[in-house]
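A.B. asks: Residue strings, one per chain:
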Amino acid sequence: AQSVTQLDSHVSVSEGTPVLLRCNYSSSYSPSLFWYVQHPNKGLQLLLKYTSAATLVKGINGFEAEFKKSETSFHLTKPSAHMSDAAEYFCVVSGGGADGLTFGKGTHLIIQP
Amino acid sequence: KAGVTQTPRYLIKTRGQQVTLSCSPISGHRSVSWYQQTPGQGLQFLFEYFSETQRNKGNFPGRFSGRQFSNSRSEMNVSTLELGDSALYLCASSLKGGSGVNYGYTFGSGTRLTVV
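Chains X and B supply the protein sequences, listed in that same order. Read in my numbering, the first sequence has 73 at position 73, and its numbers run on one by one without any break. Read in my numbering, the second sequence has 1008 at position 8, and its numbers run on one by one without any break.
It is possible that some hints are incorrect.
To be verified - A short list of chain B residues far from chain X (calculated; beta carbon distances all over 12 Å):
hint, residue
1, R1030
2, Q1041
3, Q1044
As the list claims (entries may be wrong) - With a straight-line cut-off of 25 Å between C-alpha atoms, the simulated DSS-like cross-links for lysine-lysine are:
hint, chain 1, residue 1, chain 2, residue 2
4, X, K58, X, K105
5, B, K1013, X, K42
6, B, K1013, X, K58
7, X, K68, X, K105
8, X, K58, X, K68
9, X, K105, X, K42
Read the hints as simulated data drawn from the structure, not as lab findings. We put the beta carbon where it would ideally sit given N, CA and C, even for glycine.
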């Protein structure tokens, strides 16, 4: 079995300040982990993925995430928020078993001007 | 290259009817999976197909079914529609599916189903 917990349902930051979106996971297997972003009325876009290579993963649009096995965490960060980052962000785990992809509930990122 | 194509984009159906949604994966991708997105339940896994075989299935009633064709295109069918089936249905394709490491899925824009 696998599960994902996104610790914040909403995060609000000012433009130009750092972004931190928190995610904890559990998996019976060595997991693959992903962050996806969904803009209003759009599909899901892959930001970055961890698949047992480097623990610090760099993605698109300046986002990065660090896989910490001891903390079972995969937090998403960005040094400087931009207005276009406002969207819903999903942390996703795939344990390679029969559960497909398991999504967190999502974090709504709000960027204040 | 073309992305994942889902048709139709919008559907309105009446309770008790059935509906078929279509998904064309990225060329060369043999894995297709389906997800239901609702405000209350979030994104939930429906099923995954790989080379015309259902590999994984989520916790949904038997009214939800799917299939995959030899060209990797997939359809999902929902019979005896209920109001609670109103949702955005997303399809995703992957170069490598089934058990083992997943290298990321590319999602389509979804089909928004409204049941009245």
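A.B. asks: Each of the hints needs a verdict: does it hold here or not?
C.D. replies: Hints, verified against the model:
no. : hint            : result
1   : R1030           : holds, 15 Å
2   : Q1041           : violated, 9 Å
3   : Q1044           : violated, 8 Å
4   : X:K58 / X:K105  : holds, 23 Å
5   : B:K1013 / X:K42 : holds, 22 Å
6   : B:K1013 / X:K58 : violated, 43 Å
7   : X:K68 / X:K105  : holds, 20 Å
8   : X:K58 / X:K68   : holds, 15 Å
9   : X:K105 / X:K42  : holds, 17 Å
Checked against the numbered hints given earlier, this structure breaks hints 2, 3 and 6; the rest are met.
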